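Chain residues, written in single-letter form:
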Amino acid sequence: MPMRKVNIISGILLLAISILFWNDAAGIRPPAHIYPKTIIAIVAFLSIALLIQAIFFPKAVAQTRPFAGIKYKRVLLTIFSSIIYYYALKVIGFYVSSFFFIIILTWLLGEREVGVKVFARLGTLSIIVMTLIYLAFKVFLKVPTPTGIFF
Amino acid sequence: MLGDILVGLQNSLNPINLLIMTLSLAGGITIGTLPGLSATMGVALLVPLTFGMEPATGLLMLGAMYCGAIYGGANSAILINTPGTPSAVCTTFDGYPLTKQGRADEALFTALVASVIGGIIGTIFLGVATQPLALVSLKFGSPEYFWMAIFGLTILSSLSEGNMIKGLLGGALGLLLATIGIDPVTGHTRFTFGFRPLVEGITLIPAMIGFFSFAQVLSLVDENQTYLAEYTSKPGLVKKVLGYLSKNSKINLLRSSILGTFVGILPGAGGNVASFVAYNEAKRFSKNPDEFGKGNIEGVVASESANNATVSSSLIPLLALGIPGSPVAAVLMGGLLIHGLNPGAKLFVEHGVIAYTFIIGLVVANLLMLLVGYFGAKLFAQVLNVPSHYIATIVIVFSVIGSYAIRNSLFDVVIMLVCGVIGFITLKAGFEPGPIVLGLILGAIAEDGFSLSLLMAQASGSIFGTFVARPISAFLILLCVLAIVSPIYVRFKKNRKSKLAQSN
Chain B
1 MPMRKVNIIS
11 GILLLAISIL
21 FWNDAAGIRP
31 PAHIYPKTII
41 AIVAFLSIAL
51 LIQAIFFPKA
61 VAQTRPFAGI
71 KYKRVLLTIF
81 SSIIYYYALK
91 VIGFYVSSFF
101 FIIILTWLLG
111 EREVGVKVFA
121 RLGTLSIIVM
131 TLIYLAFKVF
141 LKVPTPTGIF
151 F
Chain E
152 MLGDILVGLQ
162 NSLNPINLLI
172 MTLSLAGGIT
182 IGTLPGLSAT
192 MGVALLVPLT
202 FGMEPATGLL
212 MLGAMYCGAI
222 YGGANSAILI
232 NTPGTPSAVC
242 TTFDGYPLTK
252 QGRADEALFT
262 ALVASVIGGI
272 IGTIFLGVAT
282 QPLALVSLKF
292 GSPEYFWMAI
302 FGLTILSSLS
312 EGNMIKGLLG
322 GALGLLLATI
332 GIDPVTGHTR
342 FTFGFRPLVE
352 GITLIPAMIG
362 FFSFAQVLSL
372 VDENQTYLAE
382 YTSKPGLVKK
392 VLGYLSKNSK
402 INLLRSSILG
412 TFVGILPGAG
422 GNVASFVAYN
432 EAKRFSKNPD
442 EFGKGNIEGV
452 VASESANNAT
462 VSSSLIPLLA
472 LGIPGSPVAA
482 VLMGGLLIHG
492 LNPGAKLFVE
502 HGVIAYTFII
512 GLVVANLLML
522 LVGYFGAKLF
532 AQVLNVPSHY
542 IATIVIVFSV
552 IGSYAIRNSL
562 FDVVIMLVCG
572 VIGFITLKAG
582 FEPGPIVLGL
592 ILGAIAEDGF
602 SLSLLMAQAS
612 GSIFGTFVAR
622 PISAFLILLC
632 VLAIVSPIYV
642 RFKKNRKSKL
652 AQSN
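Chains as they are written, first to last, in the numbering used here: chain B, 1 to 151; chain E, 152 to 655.
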């Protein structure tokens, strides 16, 4: 997708967000409404400026294709794994879910070789990282971590 | 007084105190390097340990932890584009591009030296100008804070690489995100769209971790390179960096450290605002402003000297007036009170030895940081020899725990993940995360200043008198105008010069 099209979509999206926020700001009592409405107006004004630039002055927009060549599979895999990890934190707890998360995502993002050695290496890495986190957060800093069925 | 200073020097050079400061610095650097763990958290953690210590030793330990934590933020900012503390956001702008160019060790060591110099300059001000500077900070009211935030926002034009509209739009979006939650004037909720967890607003640190850290992980995964960047330790680094700084960066170091000192004394401002202001000024005064954001070492110098200068200067209102101007100062105040020391001007009279031991100890701690930080940087730089898919996964785990640790809230993890995905998409669309985070940081300061000033104007009956006709406000407005006009003037002059050269 060329940058010009990206800017048009961004402009429309941000303008829509401004309208959404402007409608919500209608309920704010004066004088508290001045600051947020000013910011919304600035966002709307700049969104329109971005649209005008993209539509009428295409030469001013960089001639690149910003979303070309993105490895969507890898990016989406990371996002979905992180979402599953978030839910696992709530159910299983931080330490156990993080231990498995490190092994699974590192394997998925890596060469995906199968073998005892590979998983032994990933397991060792995960144990080292989790031990360091445990010592730093739990033992030394006494910072609570998300808890679940396990710790 | 001279006697107190000499005893203070003797105390701070005591071997036990030196050992305690060294350990505390190492702990502080580690805490600062980890995103989500703050200097406040580190200092608060050490306060109970000071119970059984001599008051001066305890304070030196807390001061060293504070110095180390603020500097430590630069390590992750430079190596993995993730600011360990909000005050290291500006360090990412040039620090990470330097890493990408294979100059990570140069950036790390420059950050260290700049932090040490900034820290020492800030401490000198703490020692010699505590009283007058504290009085200046008291003259800052809501209108001045509002204009200071606006001055900070003028950096947006210089952060906008490529498309200025996008840079300004990013900053405005950050300001808009900062308005979500409770209205500071009426106390009503706004822009939550019926989603209750948003009542507490978008918390800065999880959002910052998302925009910089999680978005960076997604970029790493997308790039699919074996290693983050090429890295081989180069000989003669110390000589090279010190030679460069002493030859080319003297003015930048001094200006940024003084700016950091002044911003640091203002309650509520802190290292993040100081580094943005110093970065902007360094870029404006530079002969090569176009190189900023692409790996200009001066950007690292400005950001790091300014944020470490705030360490000592943020303690000025506390030591001179007994007013804690920052969260860390509040925790340190607790540390003073448990030893029966009442902060304020009397501290220097009644407990001069302790007060001067603390101040001189901060200079010693900064010098020790040069040693501890040097070995630490060598160790942290090894991160670049780890395959990038290992780093990506581990950074996600640290981002999750770092976001959670701020308020022990899983919703903050959601904020981090959402901001990360938005950050990745907007980065691809040409919106840099810097302006968005700057808007988030300054949004709260700007709105509080604006709203309270408006109420003051209503009470006094004069908007002009409240917002403009105050000496510091007028000075800040002048700075804002200069900040906006000067780049336009420079660009105009440059264009004219190149046109003239072409016609000849």
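Take the hints with a grain of salt, since some may be wrong.
From the structure, some residues in chain E lie toward chain B, with a derived Cβ separation under 10 angstroms [unchecked claim]:
#1 E295
#2 L320
#3 V368
#4 I402
#5 L405
#6 I409
#7 G473
#8 G495
#9 L498
#10 T544
#11 I547
#12 I552
#13 Y555
#14 G571
#15 F582
With a straight-line Cα cutoff of 20 angstroms, these simulated PhoX-like cross-link-like pairs (lysine-lysine) come out [said to hold, decoys possible]:
#16 K251/E - K644/E
#17 K438/E - K290/E
#18 K390/E - K579/E
#19 K5/B - K579/E
#20 K445/E - K71/B
#21 K73/B - K497/E
#22 K5/B - K59/B
#23 K438/E - K251/E
#24 K391/E - K529/E
No wet-lab data here; the hints were simulated from the structure. This one's a predicted model, so the numbers in the text were calculated from it and none came from an experiment. For glycine and all other residues, C-beta sits at the position ideal for the given N, C-alpha and C.
Now for the hints, and whether the structure bears them out:
Given the 10 angstroms rule on beta carbons, the hint for E295/E is violated: about 17 angstroms separates it from the nearest Cβ of chain B. About 4 angstroms separates the beta-carbon of L320/E from the nearest beta-carbon of chain B, less than 10 angstroms, and the hint is met. For V368/E, the interface hint holds, the least distance from its beta-carbon to any beta-carbon of chain B being 7 angstroms, beneath 10 angstroms. Restraint check, I402/E versus chain B: the minimum CB separation of about 34 angstroms is more than 10 angstroms; hint violated.
The beta carbon of L405/E comes no nearer than 35 angstroms to any beta carbon in chain B, farther than 10 angstroms, and the hint placing it at the interface is violated. Because the beta carbon of I409/E sits about 31 angstroms from the nearest beta carbon in chain B, more than 10 angstroms, this interface hint is broken. Contact between G473/E and chain B, as hinted, is not supported at the beta carbon level, the nearest pair being about 29 angstroms apart and thus beyond 10 angstroms. Checking G495/E against chain B by beta carbon gives a least distance of about 31 angstroms; that is not within 10 angstroms, so the hint is violated.
The closest approach between the C-beta of L498/E and any C-beta of chain B is roughly 30 angstroms, which is over the 10 angstroms cut-off, so the hint fails. With a cut of 10 angstroms, the hint placing T544/E at the interface with chain B holds, because the nearest CB-to-CB distance is about 5 angstroms. Taken as an interface hint, I547/E checks out: its beta carbon lies about 6 angstroms from the nearest beta carbon of chain B, inside 10 angstroms. Nearest Cβ of chain B to the Cβ of I552/E: about 6 angstroms, under the 10 angstroms cut. The hint holds.
Hint status for Y555/E: holds, given a least beta-carbon distance of 6 angstroms to chain B, under 10 angstroms. For G571/E, the interface hint holds, since its Cβ comes within 10 angstroms of a Cβ in chain B; the closest pair sits about 8 angstroms apart. Because the beta carbon of F582/E sits about 8 angstroms from the nearest beta carbon in chain B, less than 10 angstroms, this interface hint is met. Our distance criterion of 20 angstroms between C-alpha atoms is broken by K251/E and K644/E, whose separation comes to about 33 angstroms.
Using a Cα cut-off of 20 angstroms, the hinted pair K438/E and K290/E is violated, with the two alpha carbons roughly 35 angstroms apart. For the hint pairing K390/E with K579/E, the CA-to-CA distance comes to about 39 angstroms; that exceeds 20 angstroms, so the pair is violated. For the suggested pair K5/B and K579/E, the alpha carbons sit about 13 angstroms apart, so the restraint of at most 20 angstroms is met. Of the supplied pair hints, the one linking K445/E and K71/B is violated, its CA atoms being roughly 25 angstroms apart against a limit of 20 angstroms.
In summary, the hint linking K73/B to K497/E is not supported, as the alpha carbons are separated by about 65 angstroms, beyond the 20 angstroms threshold. A hinted pair counts as satisfied when its Cα atoms are at most 20 angstroms apart, and K5/B with K59/B qualifies at roughly 13 angstroms. The straight-line distance between the Cα atoms of K438/E and K251/E is roughly 23 angstroms, outside the 20 angstroms bound, and the hint therefore fails. A distance of roughly 16 angstroms separates the Cα atoms of K391/E and K529/E; the hinted pair therefore holds under the 20 angstroms criterion.
The structure shown violates the earlier hints numbered 1, 4, 5, 6, 7, 8, 9, 16, 17, 18, 20, 21 and 23.
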